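Quick note, the numbering used here runs 2 ahead of the 1-based positions in the sequence shown.
Treat the hints as calculated values from the structure; they're not laboratory data. Mixed in with the good hints, there may be bad ones.
[To be verified] The list that follows gives simulated cross-link-like pairs (lysine-lysine, BS3-like), each with its CA atoms no further than 27 Å apart:
| hint | residue 1 | residue 2 |
| --- | --- | --- |
| 1 | K53 | K65 |
| 2 | K35 | K53 |
| 3 | K35 | K65 |
[To be verified] Have a look at the derived ranges for each label pair, beta carbon to beta carbon:
| hint | residue 1 | residue 2 | range |
| --- | --- | --- | --- |
| 4 | S24 | E56 | 14 to 22 Å |
| 5 | D28 | Q96 | 22 to 30 Å |
| 6 | K35 | G55 | 19 to 27 Å |
| 7 | N95 | R27 | 30 to 38 Å |
| 8 | A25 | Q96 | 31 to 39 Å |
| 9 | M3 | A25 | 31 to 39 Å |
| 10 | E56 | P5 | 17 to 25 Å |
| 11 | S24 | Y60 | 13 to 21 Å |
Given the structure is predicted, the values throughout are model-derived calculations rather than measurements. Idealized CB from N, CA, C, for every residue including glycine.
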Amino acid sequence: MAPFIDTLNTFNGVSARVVWDSAGRDIARTEIKFDEAVTGIATGELVDALKQGEYAIYFRGYKANEGIIEADVRSVDRAQLAIVARRIGEVINQEKQA
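I would like the entire structure built from these sequences, with the hints used as guidance.
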């Protein structure tokens with residue numbers, strides 16, 4: 003998970019960190035915060051855009067209205083996390099070019 007978080011933290015307006023399940027289960031997730039003023043896209047729109055394309059990417063989005071999503075990475079491998087990070091970067095960059 004660390005390389006995924008490190009990559010996300012290189013994007014302007016994005017910060018990521020490990021968070022633990024709020025119900026006390028031994029589940030680590032990646033919390034991703036978006037500064038919508040910097041990214042130029044509402045988090046809900048970004049989440050919707052990630053569901054489109056070659057790979058449908060879904061997040062825990064119950065805090066999307068606060069600019070926060072969580073990625074449950076338990077069954078995701080390193081190559082798949084790289085795809086997720088790449089797609090987040092692509093969506094953000096598309097907005098900046100629009």
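Going down the list of hints, with the structure as the test:
1. K53 <-> K65: holds, 17 Å
2. K35 <-> K53: holds, 18 Å
3. K35 <-> K65: It holds: about 10 Å lies between the C-alpha atoms, which stays within 27 Å.
4. S24 <-> E56: 14 to 22 Å: For S24 and E56 the Cβ distance comes to about 32 Å; the hint is violated.
5. D28 <-> Q96: 22 to 30 Å: violated, 37 Å
6. K35 <-> G55: 19 to 27 Å: holds, 22 Å
7. N95 <-> R27: 30 to 38 Å: Because 35 Å falls inside the window, the suggested range holds.
8. A25 <-> Q96: 31 to 39 Å: About 35 Å separates the Cβ atoms of A25 and Q96, which means 31 to 39 Å holds.
9. M3 <-> A25: 31 to 39 Å: 19 Å Cβ-Cβ, so the 31 to 39 Å window is violated.
10. E56 <-> P5: 17 to 25 Å: holds, 21 Å
11. S24 <-> Y60: 13 to 21 Å: holds, 19 Å
In the structure shown, a violation is registered for the earlier hints numbered 4, 5, 9, in ascending order.
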